[in-house]
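Chains as they are written, first to last, in our numbering: chain A, 28 to 688; chain B, -19 to 267.
Simulated from the structure, these hints should not be mistaken for lab results. Incorrect hints may appear among the rest.
[Unchecked claim] With the Cβ distance kept under 10 Å, some of the chain A side facing chain B (calculated, not the full set):
| id | residue |
| --- | --- |
| 1 | 328 |
| 2 | 346 |
| 3 | 380 |
| 4 | 382 |
| 5 | 384 |
| 6 | 466 |
[Unchecked claim] Covered stretches of chain B, going by a simulated chain A footprint (3 or more residues, C-beta under 8 Å):
| id | stretch |
| --- | --- |
| 7 | 23 to 34 |
| 8 | 110 to 124 |
| 9 | 134 to 140 |
| 10 | 162 to 170 |
| 11 | 181 to 194 |
| 12 | 198 to 212 |
The structure displayed is predicted, hence computed values, not measured ones. All C-beta atoms, glycine included, are put in the ideal place defined by N, C-alpha and C.
So you can see what is in the structure, the chains are spelled out below.
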Amino acid sequence: MTGATCFLPRADLDRLFAALRADDRTILGPAVSDGAVIYDEVASPAELPTGWESDTEPGSYRLRETGSSRAFDYVLPVTSWKRYTHPAFVPLTRARRDGSQVEVEAVLDPPPRLAFVGVRACEIAALDIQERAMRAGPIGDADHAGRRDAALVVAMECAAATSTCFCTSMGTGPEVRQGADLIASELDEGFVIRSGSATGAAMLAGLDLEPADPAQVERAAAQVAAVRTRIGDPVAVEGLPERLRAALDSPRWEQVAERCLACANCTLVCPTCFCTSVGVASDLDGQEATTERHWDSCFSLGFGRVAGDANFRPKVKDRYRQWLTHKFSTWFDQFGSSGCVGCGRCVAWCPVGIDVREELAAIAPVEGPRGPIPWPPAPDAGHAPAALTVVAPARHVTTSVVAVTQETADTATLRLATSDAALLAARPGQFVMVELPAFAAPPISISGIRPDGLDLTIRSAGPATAAIVALGPGAQVALRGPLGRGWPLESAAGRDVVIVAGGVGLAPLRPVIEAVLADRARYGAVRLYLGARTPGDRLFAAEVAALAGRSDLEVAEIVDRAGPEWLGQVGIVTHLFDHATWNGDRVTAFVCGPERMMQATAAALTGRGVDPAAIWLTLERNMACGVGTCGHCQLGPFFVCRDGPVFSIAELGTAFGREGL
Amino acid sequence: MEPQQLIMPGRRSPRADAPNRPRIGIVKFASCDGCQLTLLDLEDELLAVAERVDLVEFAEATSRRSMGPFDVLFVEGSISTAEQVEEIVRLRAVSHRLITIGACATAGGIQAIRNWFELDEVRDTVYPGPTYVESLAQARPVSDFVAVDGELRGCPISPAQLREFLVSMVTGRRAQLPDEAVCLECKRRGVVCVAVADGIPCLGPVTRTGCGAICPAYGRGCYGCFGPRESANTASLAKWFSDSRSAVEVGRLFSGFTAWSEPFRATIDAHGGPPGQRADGSEPRDA
Chain A
28 MTGATCFLPR
38 ADLDRLFAAL
48 RADDRTILGP
58 AVSDGAVIYD
68 EVASPAELPT
78 GWESDTEPGS
88 YRLRETGSSR
98 AFDYVLPVTS
108 WKRYTHPAFV
118 PLTRARRDGS
128 QVEVEAVLDP
138 PPRLAFVGVR
148 ACEIAALDIQ
158 ERAMRAGPIG
168 DADHAGRRDA
178 ALVVAMECAA
188 ATSTCFCTSM
198 GTGPEVRQGA
208 DLIASELDEG
218 FVIRSGSATG
228 AAMLAGLDLE
238 PADPAQVERA
248 AAQVAAVRTR
258 IGDPVAVEGL
268 PERLRAALDS
278 PRWEQVAERC
288 LACANCTLVC
298 PTCFCTSVGV
308 ASDLDGQEAT
318 TERHWDSCFS
328 LGFGRVAGDA
338 NFRPKVKDRY
348 RQWLTHKFST
358 WFDQFGSSGC
368 VGCGRCVAWC
378 PVGIDVREEL
388 AAIAPVEGPR
398 GPIPWPPAPD
408 AGHAPAALTV
418 VAPARHVTTS
428 VVAVTQETAD
438 TATLRLATSD
448 AALLAARPGQ
458 FVMVELPAFA
468 APPISISGIR
478 PDGLDLTIRS
488 AGPATAAIVA
498 LGPGAQVALR
508 GPLGRGWPLE
518 SAAGRDVVIV
528 AGGVGLAPLR
538 PVIEAVLADR
548 ARYGAVRLYL
558 GARTPGDRLF
568 AAEVAALAGR
578 SDLEVAEIVD
588 RAGPEWLGQV
598 GIVTHLFDHA
608 TWNGDRVTAF
618 VCGPERMMQA
628 TAAALTGRGV
638 DPAAIWLTLE
648 RNMACGVGTC
658 GHCQLGPFFV
668 CRDGPVFSIA
678 ELGTAFGREG
688 L
Chain B
-19 MEPQQLIMPG
-9 RRSPRADAPN
1 RPRIGIVKFA
11 SCDGCQLTLL
21 DLEDELLAVA
31 ERVDLVEFAE
41 ATSRRSMGPF
51 DVLFVEGSIS
61 TAEQVEEIVR
71 LRAVSHRLIT
81 IGACATAGGI
91 QAIRNWFELD
101 EVRDTVYPGP
111 TYVESLAQAR
121 PVSDFVAVDG
131 ELRGCPISPA
141 QLREFLVSMV
151 TGRRAQLPDE
161 AVCLECKRRG
171 VVCVAVADGI
181 PCLGPVTRTG
191 CGAICPAYGR
201 GCYGCFGPRE
211 SANTASLAKW
221 FSDSRSAVEV
231 GRLFSGFTAW
241 SEPFRATIDA
251 HGGPPGQRAD
261 GSEPRDA
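All chains, full assembly: derive it from the sequences and hints.
Now the structure itself:
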């Protein structure tokens, strides 16, 4: 859709602005503010940073006034366009609680019609990369999609570069090839401009410009070619994802962590970083509440925190490794490209000048090893990133508590009634976000799938779960889901089934047991191995007793610490099959419990000859969005919420049990 | 029942008889009262708050006094005298939850700068007739003396965080009081980094957020009034500052309202102590 290349005299730039405004768009572009160029609303070309250039070094950015008549030689602002496609604050829900009545509704504001003026080649790539991340699914982010689709992009090829630029290495620039509605290059006397889309072509036609002089086109090309030469090729990208995978234990992580402030600036200035957290606001009584998501960062300690204040990335070196390996390695697994566009913002805006280019060279040297690969190259179980899947606002379904069963001192099962077809179609192993207005919504695995509702078995591990467990019959609670990938029951057809549960880990396995028994002939021998801390911590005690009375399955139980009334076995759950005689190669295993217990169980099962591809477990991570867009639950190449929470040991590779990942 | 007096004498709270209203006290030690006055800054919701809690001790707003017990006691100020030590121990015993508010109570406050000096020297400098000034050798945070159940940071504390804490108290949810760096707030707000763009020394990367990044938004560096954040890497930041500053100047940057809290304190020590004190005994340049 590229028509003729035209020439827009500098004095006529305001005609382009007028055309954008006539298209009912707010114009955003570069402007000088507080000693830097930022993106902001620009009413007229007079507000552009005419005569300003920037010098950047690691940890330093300085504007320099040149007196030139050119407006786009500033290279890159501190802000990126994500401020407008993925704003720092986005409202998510409005919720109301009136007595026992609960209502949660998604908030989706209509996207503003914006024109981005002055978009660089690296930034076009960034818009594209972030869009893929936010739309990867299973449900694409509606807010992001709306904003991105409603934005018109006027690209401006770079005529200058700074010392922190490395788009050339990342293959994103400096030449603009596609992804923009209009593509311009600035010359002293004006702009060489062509269209890159039908919208752009129509707009250009409306401006009724003269064709550009071939000499002008040549000068524009020479300008951007000079930028390419100036930048050179500072980062060796060949084999970089593989080199980084091989460098997970590099001593350099520790060294960079000594300098790294974990202040998150790199991630927030990064035009592709998309991680967010959810904040809750409410009136004083918690009757009216709203949630909004805000930019967050894998560099903050709280980002990897889960219930009970456990943390998967306690050390700064863990967080730096997460960021760097995500950008340059696991992003390929997740979204099919690098997560870095080479804009260099993370280098310039690091308050202590850590240079990602230097770190990459030191951590993953070109001549360094490229293997062994710690996990398979890409998730391969039918949930590889689907490009541009369905985009839809979140569904929040109000359900009613019909019964509450106290399982242990701190755990209860809520039976929830619903007629929602999607919820009733939940599969064993999936989870839901449980929403009570004014509380953070915890992810809870489904412990029973009924024709008229769901069971949720919830341990009171914090204020939100305590409030949910305290609900009585008749109370309402909203659910979002079902989410995640469940247990692959079909893979166990015709095979022996071993189910190993630790404590509350039996909850997500209960639907497996029920499904297996409902279709008992489909499976070989079925064995249940159940562990708990004490006899009082055993879940579903009556149901388990009933199962133990059946002849078509084996049930064995063990506790860590016995009381006087406990006549059964004492020890860890793997003791239950230490001396078993069954043959491991016929077994498909389903495992859930604390991470340490699952590691021990996986080791014991593989030791008995069970194929790692047939050992399935469900992981706990900080799952907040449930659809792979908030970034909290990442584990190597996986989003635990979207790609799991059920994984096989083979899929996880050495990502399973690796500290700090 | 004694009359409720909060701001408007004689006004009776419409929900004064509501059951289960937590008994709240607000007390102070060595401090300026600014933090407890933050409660009065919740202007729009102040009366609604007063309906939901039973404010039994708050000398800035009500003549009603109480010796306890308290469901929640907010404590402002550092502990600077022997009497204050006795009093905080007594208050702890009658308080179910004790929450320290502000830089003085949580970190010792600006007055903790004197902890680096001999008490007599400081006293003689400040008071013309110091005979009746009784003080401990150091001004210290409340947590040095009694167990603390929670804290609101800042100088002064943030009205938004105080409100969040009160809401969490009333609704039973977890208060959202992030322990991350000020930088996140700067970037979310779109504030240009004063450290990178202007070379202004800024403690934002090592300071806990909560202020809304006020100082950088007005073009000055963060001086750390919310105290150290989680994972505060002061050593690295100090090293970066040292490239263009003397050790004394670097130490001084950390010598603010939360100087006495680690790792700020250790960083100050590593750079020759706060201004006014030199390892070699010389006078500070700008004394």
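Tested hints:
1. Proximity of residue 328 of chain A to chain B holds as hinted, the smallest CB-CB distance being about 4 Å (cut-off 10 Å).
2. The criterion of a C-beta within 10 Å of any C-beta in chain B is met by residue 346 of chain A, whose closest approach is roughly 8 Å, and the hint holds.
3. Taking 10 Å as the C-beta cut-off, the interface hint given for residue 380 of chain A holds, the closest approach to chain B being about 7 Å.
4. Checking residue 382 of chain A against chain B by beta carbon gives a least distance of about 13 Å; that is not within 10 Å, so the hint is violated.
5. Given the 10 Å rule on beta carbons, the hint for residue 384 of chain A is violated: about 17 Å separates it from the nearest Cβ of chain B.
6. At a threshold of 10 Å, the smallest CB-CB gap from residue 466 of chain A to chain B is about 5 Å, leaving the interface hint in force.
7. Counting residues of the stretch 23 to 34 of chain B whose CB lies closer than 8 Å to any CB of chain A gives 4, so the stated coverage by that chain holds, three being the minimum.
8. By the rule of at least three residues with a Cβ nearer than 8 Å to a Cβ of chain A, the coverage given for the stretch 110 to 124 of chain B is violated, with 0 such residues.
9. For a cut-off of 8 Å, the count of residues in the stretch 134 to 140 of chain B with a CB near a CB of chain A stands at 0, and the three-residue condition is violated.
10. For the stretch 162 to 170 of chain B, the proposed coverage by chain A is satisfied: 6 residues have a C-beta within less than 8 Å of a C-beta in that chain, meeting the threshold of three.
11. Under the rule that three or more residues need a Cβ within less than 8 Å of chain A, the assignment of the stretch 181 to 194 of chain B holds, with 4 such residues.
12. Judged by the Cβ-Cβ criterion of 8 Å, the stretch 198 to 212 of chain B is covered by chain A as claimed, because 3 of its residues qualify and three suffice.
In the structure shown, a violation is registered for the earlier hints numbered 4, 5, 8 and 9, in ascending order.
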